[in-house]
Every structure is written in structure tokens, then in C-alpha cells.
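Put together the whole structure using the sequences plus the hints.
2 protein chains.
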Amino acid sequence: MLMHGLVSGTGIRPELIPLINASRSAGKSIHDDSFVDEWIRINCHNAGLNTMLVPLEDLAGWRREPQNGNLCHSTGRFFSVIGIRCRHRVEASELEWDQPIIEQPETGILGILVKSIGGVMHFCLQAKEEPGNIGGVQLSPTVQATYSNYSGVHGGAPPLFLEYFLSPKPERIIFARMQTEDGGRFLYKSNRNMIIDTDSDFPLELPERFIWLTLRQIAGLLRKDSLVNACVRSILSSLLFESSGAGQDEEADGSANPAEICPSGIWDTLQWLDDRRAANHMLARRIGLNDLQEWGVDGKGFFSHNEKRFFRIVGMQIKTTSREVAAWCQPIIENPAPGIIGLLVRNSPQGVEILMQAKAEVGNKSAVQLGPTAQFTQGNYADSKKLKKPFLYDEFLAPKMSKSIHESCQAEEGARFYRECNIHRILLLKDGTQLPLPEDYRWLPLPHLQFLIHLGEQVNSCSRSILTCLL
Amino acid sequence: MLMHGLVSGTGIRPELIPLINASRSAGKSIHDDSFVDEWIRINCHNAGLNTMLVPLEDLAGWRREPQNGNLCHSTGRFFSVIGIRCRHRVEASELEWDQPIIEQPETGILGILVKSIGGVMHFCLQAKEEPGNIGGVQLSPTVQATYSNYSGVHGGAPPLFLEYFLSPKPERIIFARMQTEDGGRFLYKSNRNMIIDTDSDFPLELPERFIWLTLRQIAGLLRKDSLVNACVRSILSSLLFESSGAGQDEEADGSANPAEICPSGIWDTLQWLDDRRAANHMLARRIGLNDLQEWGVDGKGFFSHNEKRFFRIVGMQIKTTSREVAAWCQPIIENPAPGIIGLLVRNSPQGVEILMQAKAEVGNKSAVQLGPTAQFTQGNYADSKKLKKPFLYDEFLAPKMSKSIHESCQAEEGARFYRECNIHRILLLKDGTQLPLPEDYRWLPLPHLQFLIHLGEQVNSCSRSILTCLL
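Read top to bottom, the protein sequences are chains A and B.
All residue numbers in the first sequence are consecutive under my numbering, ending with 471.
All residue numbers in the second sequence are consecutive under my numbering, ending with 1471.
Worth flagging that the hints you see were computed from the coordinates, not collected in a lab.
Yeah, the Cβ is synthetic: ideal placement off N, Cα and C, and Gly gets one too.
Careful: at least some of the hints might be erroneous.
[Claimed, not checked] Listed next, with one range per pair, are the computed distances between beta-carbon atoms: (1) A:Ile405 x B:Gly1288: 51 to 61 Å; (2) B:Glu1038 x A:Asp268: 41 to 51 Å; (3) B:Gly1118 x A:Tyr381: 53 to 63 Å; (4) B:Gly1432 x A:Asn68: 40 to 50 Å; (5) A:Gly119 x B:Gly1432: 57 to 67 Å; (6) B:Asp1037 x A:Pro436: 51 to 61 Å; (7) B:Val1090 x A:Pro436: 44 to 54 Å; (8) B:Asp1225 x A:Thr198: 49 to 59 Å; (9) B:Val1090 x A:Glu163: 51 to 61 Å.
[Said to hold, decoys possible] Think about it this way: if two alpha-carbon atoms lie no more than 25 Å apart in a straight line, the pair counts; the simulated SDA-like pairs of lysine to any residue are: (10) A:Lys365 x B:Gly1076; (11) A:Lys386 x A:Asp268; (12) B:Lys1365 x A:Arg309.
This is the structure in C-alpha cells:
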């Protein structure tokens, strides 16, 4: 959808830009598209995990902590589901609520290896199954590793290719930034999104279930539902360049290194974001699942909201022949109805602009990050006495002043979320439409978003997911 | 110490630069220096607060919460002293400890009004007393306001001039960014540092105890001990420009707006900072003062470490005739020995460079921020089995390869810290000295520090405090 050109203010080394451009626009690729379709047919539809939902109290290896009811693994490893009490103040208004949330206070690595093949950058993706995946197998990054994986503290074989991501030489780093996970359901969790270049002697031949794809091919696969996994979408949002010659890039013809020009007007955007951060006061206290108001164990043995809103924590038993461990149990989050993640975009004389919101989420360390235009689950607002419908709620359900230019269903990460997908809907505002904005919303040119993604921990996970659909 | 010139990558509007430059370098000022000295003699030495240390259990209005022992005001207002359990993992090493920490989950405003007088920018400071202040009265920002002050939720008269900081017009904002407080003793606390311009019809005449000062005059006062308060030092670190013509600024002669050029090499610095963030895994859990290991109420009724290290929480009774409230009690933090905050600087062909560290602090939301070269309290390391002395510990106690170019004793904020000051020591590395650096340390040119200060929440409070001594 967007053409790649010179990139200002992203930190990507100029000599890499032609390779990335070619990956997006050129037809050339090591595998032709029909081969890729066939490869996906073979590798992404042979699910080997056998999953069954069970009451939380039947999860072998997991227990509710006696003093607070939090759900933890008996070894203290993996992750916990804990309770938090939240208070969000914005100017004169105040909202208080309780909720369960995932605590996993370690930084994981989400990494993609790349290789220049014939002047075109190729990305190494993996057909990988997670217990919560819709359809079983999805296209995942080369490596998804937790701290336990890569620190080796718990023994066990490290994931294939992990070594490329542990201490990469600076010249191999194309992108490496901490980025936050879903701030509504992870407490203060960031993973490191990485794109790492390989040496010329890195083999073209990949192990089974790994494949080299170009950005053009990945962009095509993003048109299909629930195929490109959430981690890949998060990582690749860093390569969403503005088209060549637009905006600031013209000045890159001069003597300055284009990487050292900030996008025009970026300080105004940073000021607006800081204004909104100052206006939002968010407090989260860990209080234990036992003490959550409006939440409890339901008739099925799941932990759920007493009006069945938001999400619930369910238990899952997994059996497999394809992993080191033949069977395991874990809690997983289920969100019964798909949410909507939406972008409103418009054409302006300066290029494409995207309507973003300064979105406060309790699990984000800085509370306010850049969210997409729309990020909601319809059922949470229907008939709710407590929650006000967000801006453009109706427009994203039934567009009137805009038309849809992208629509897909994209899956959440399947190790923590059970068959969850969110409708990704991109709407183009009709020319000449006047749209008064609340203070939390602002039209941003794409270079501003790129700059903020490259700063790290400024653009939330829903935004990164849907921005990648613009690839 | 530094000359002001064109500023790249800070977001400060170009038309303001000459006024700020003149404030730093010109002799012109509305008050001559001898008047200022006399004004300070009169206004900063008439302490009106009568303070007395008392056991915590004697603090009227405060109580230990029955379930966890946390120290809170009976109304739930103001702040709390809570307990946290911390775990810090860096690569293979792991450190665990418990500590008390201040929780005050709201954003305050620390603001300075400025006015151009005869082409020279003047800063409105206030002679203000806090119960923990050394010497009683210090030069404070125009406004220091908590959320309770400015939201008006608790009634009471708002501070003078507060209205200028609540919703300033964009063109009045010279600087406004969230910045973190001391991450060792505040949990996830940021205040908004603001410099706000006034209209030409703003009166020259100020109320009693307020005064217009130039940056040159403030820089002079920073040579005196414990006179310019911690909030002023934090705010003014945003105006620490590189000298004109050095480094990136040369390119500002071209067509690009200088504000839109990032400092040369900034993406390498951001990459290094993200590398260190990825390597540090910090977890803080709120557990209650009652459950802290190695901490408890001592013989004097204060809450202290059982080896008398780190700091202690003491009780204070305050009586006054100068505030709305005639008497109050509060807990306050006492750090028996002064700490050392140090910068090592060197001259390089590109200009001054400053040795900064990627410093993890448990109370910083992103854990790792830029810290000064040295930030330690000597007594915490002497004979400690648990803690390793930090890099350049000995050099900052007895310089061998460097010479001191600044030495002062600067006070911590007197509403939360009891008569605490830290030695601010700036050392200049001797030319030609080779100094191998640990991974957490990096020489940074001043424009990189300015850029990061202007991003917000990247440069820690100790750094901002001592950087301002370079004014």
C-alpha cells in the first residue's frame, strides 16, 4: 500500500534501504508466490496440539496462592495471573475497576533473521503452533524466546537461531527495541522486537518449517485471516516507511544523513503526547484474584467477570507429539467476541495521515501510548452503565464518512490468548470531511509514527498490529 | 561553563534561542547581582518552620495499615510509605532486596514562569521553605503543585500562578515534559517539568518572595551549597545547550529547521540504551512494610535497615505561622550521610563529552534511564557483602586521572527528604587518558543528553541535577 523510500529519523542504516525497498516492491523473491501458498498449505494446516478447556482447579502444576488467590505455576516459572485494582483519573473524571492481568516480569525476544538474496531482503519466518492459535499453525518470527529460554537458567534446549539475537554486533542490528505488549492484559510487559541481518555465508537452505519471504509476500499474506502471527506484525511495523520524496525526505538530498533529520513537526507531536500523559493519572495495585470486585470463579470453573464482560481466564490441557514436553496445562485468556482495531486514514497535501489516539492502558508502564483510532470490544460497551462508548465507535461499526480500504481478522498471540482474533479495519476518510477531534486524538503523518516506533515503547501493540497491515 | 548557541533536536522554538542565550551570557539583568545577594540574604534565611523528629507512631493523622503495615495518611491523601520486594536480573547475576519506598501515584507540576525583559529571558523563582530543607528557605520554581492542589478536589487555595501551567497555549510552552523522580525512593513517580512564557503584559513587579533571575545569575547561585532547590535543577537541565557552531549545529545554517535535525549519532545512543534495557530485568512487588526483610522499627521509633544502611523513615512534627495550616505531621526520609553524584567529562574533537551510565532503578517505570557517571552513597558499599562497588568509585572519592572542575553540595527536595544533600562533583578527565568502559557506560556528547531530556523520562533525576551545574 505504501512505497518505500529514503527514511528519515528511524535509525535504519541508509545502505539497507534499497534492500528493504526491493523486498517490498520488487517481484523478485527466492520462492515464487505459488510455492509459498503450497508451502503454507502443507506447513500451516497440520496442527499437532490437542487442546481441551478445563476448570482452573484442574490445571496440573498450577495453584491458587493461599494468601491472595493468584494463579501461579507451582515452580514459580512461566507466568502468573494476578489481580489488580485500578484507578484512572483524567482531569475531573475518575474510573475505578478491578481486573485479572498477566504478570510475566521478564523481557522476551521476538526476532526475525533477514538475508539479502539477489539485492532483495528476505525475512525468515517459521510455521509454528501455539495452543491458542486459530487454525493451529501460524507464521511466526524466526525466534520467540522467553528469558528462561535464553538465560538457560532452567536447562532445556534453546530455540533454533537464538544465538543470533543474544549479543548481535551493532552492524547486524536492523531494528532492536523494547515494545510493550497488550497493556490491557499484561502488566508492565515488554518484549524486544528485533530484526537481525545475517552474514553472506548464512545458508540459504533453512530447516523444516522455516521459510524466506519478502515483505511483498508477507504483505500479501496479511490479507488472509489469522495467518501472520501477532509477533510478526509487531516487529514489522518498524519497516513501514513513507513513500520516497514525500515530506521530509526531500531534504535528504542535501548533505545531512537522512537518519539524522527528525520528521517535520515531530516536536509538536511529542508535546501533545506529553500533554496527554500529564493529564492521565493511572494507578494499579496488585491485590490478588481473591479480592477482585465483580470477578470470580464461574459455574464452569473459569475466572470471569460477573456480567460476562471483558475476558475470562480459562484452563487448558494440551497434548502433543511435536514438542519436548508431551503434555502440559496452562491458564489462557479467552475473549469471547472479536474486538475491533481500526485506523482512520486520510490523504493530505503532505501525504497519508493517520488518526491516532493517546490511549491510557493500565498495563503500560507509561500508561499513555499511541493507540489506533479504534480499539474496543463491542460487547464491553453495550448497555454498560460504567463505560462511555469511544470516539468513532459507530463509524467503525458502520462507516458513513469513510470507506473501508482494508479488512482482515488477525489473531492474538496463541500462547496466552485462546482463539482470539480482532477485526482489523482501515477506513479512508472521504475527501473534504470535517471531523472535530477530542483532545486525545491527532492526525499524524506516517514518519511521526515511524519515529515513535523507533524510539520504542511509545506505540502500543494494537497500533503496531494494524499499522503493519499498511505494508 | 557552556555557551549557548543554536539548538538542534530539542523542540525549543528557534525564536526563543537568542533570549535564552542572552540570559546565560549577557551581563544584563533586571536586578544586579548585589541586589540578588541581598534579596537572598533577606528572603532565604528567615526560616519559619519549627520542626522536630518524633517516632513514627506519634505522627498525628498517620497510621500503619493493619493488613500490611504501610504508613498512610488517615484520609488517604498526600503520600504513603510502602514496602516493596525487588528482584534485579542482569545477564547471569541476580540481586534481591526489600525496601520501603514512597508511593504518590499522581503527577505534580514543577513550573517556572519566564519573561523576556530587554531581550533577556528572566526566570521567576520563589524563596520557599520546606520542612526538610537545609537552611530552611531555598530558591524554588514559581509553582510546585500536587494533583490535589491543581485538581482542586480537596478544596483549599491553589498556589499562586498555578493557572499559567494548567492548559498553557502551545506557543507559551518553552518546555513541558514528564520527568521521573528519584527512582530509588519514589515508586513510578513522575512530575511535569515546565517552563512557560508569559505575555508582554505580565507584570514586572512580583509578589513578595518571588524574584526574576537570569540563567547567568542562577548559574552563579548553583556554586553555593543547598540554595537552588532540586526542582529548579531538574527543570533547568532542559536548557543546557551545546555551544554554538559545535557538531550538528553547523548544518543548521542550511534550509532545515535546526529543531528538526537529530543530533549526529543519536540512533547509536538510543540503540545502546535499548540494549541495556533489554539486559536488565527488574521486578518490584508491593508487599507491605511489615513483611520487609532486614527492615523494621528501630529503638527511636524510626523505620530503618537493620545494618543502618541506605536510608530511614523518620517522623516529623512541623509548626509554623507562615502557612495555611499551623501544624502538621508527616513521615520524611533521612539519609544520614551525603551521597556523591558525579560526572566525568572530557574534551573531544567534537566538543565536550560526558560519561553516562545506563542505570537501573527500581522506581523508574522503564527501570533503566541515563544516570550520571557516579551515583552512590559511600556507606552503602563499605564492608557490604552484598553490593559491589560501582565503576569509578575510588576515582570520585580521590581523583587521580581527572581534576575537579565543579564541587558543590546540593539539597534534595525538602518536602520528602530530611536535610539531605549530595555532593555534586564534576571531574575533567586528563587529556589522553585511556579508560576502558563497562557495557553500562558510554561517552555522550551534550546534544545527545539534550535530545533525551527533551524526549522525557529518559534521563534520571540525579543526572538532571548535576547536568544543571554545567549551566
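*Starting from the hint 53 to 63 Å, judge whether the C-beta atoms of B:Gly1118 and A:Tyr381 obey it.*
The hint (53 to 63 Å, Cβ to Cβ) holds, given that B:Gly1118 and A:Tyr381 are roughly 57 Å apart.
*Okay, B:Val1090 versus A:Glu163 on CB: inside 51 to 61 Å?*
19 Å, violated
*Could you see if the CB distance from B:Glu1038 to A:Asp268 stays within 41 to 51 Å?*
For A:Asp268 against B:Glu1038, whose Cβ atoms are near 43 Å apart, the range 41 to 51 Å holds.
*Taking the CB of B:Val1090 and the CB of A:Pro436, does the distance hold inside 44 to 54 Å?*
With a Cβ separation near 49 Å, B:Val1090 and A:Pro436 satisfy 44 to 54 Å, so the hint holds.
*Between B:Asp1037 and A:Pro436, does the C-beta distance stay in 51 to 61 Å?*
54 Å, holds
*For the range 51 to 61 Å, tell me whether the beta carbons of A:Ile405 and B:Gly1288 fit it or not.*
53 Å, holds
*Confirm or reject the claim that B:Asp1225 and A:Thr198 have a C-beta distance inside 49 to 59 Å.*
57 Å, holds
*Holds or violated: A:Lys386 with A:Asp268, Cα cutoff 25 Å?*
33 Å, violated
*Are B:Lys1365 and A:Arg309 close enough, with their CA atoms no more than 25 Å apart?*
Violated, at about 30 Å.
*asked:* Does B:Gly1076 sit within 25 Å of A:Lys365, going by the straight-line distance between their CA atoms?
replied: 23 Å, holds
*Do the Cβ positions of B:Gly1432 and A:Asn68 conform to the proposed distance bound of 40 to 50 Å?*
59 Å, violated
*Could you see if the CB distance from A:Gly119 to B:Gly1432 stays within 57 to 67 Å?*
45 Å, violated
The structure fails to meet hints 4, 5, 9, 11 and 12 from the earlier list, while all remaining hints are met.
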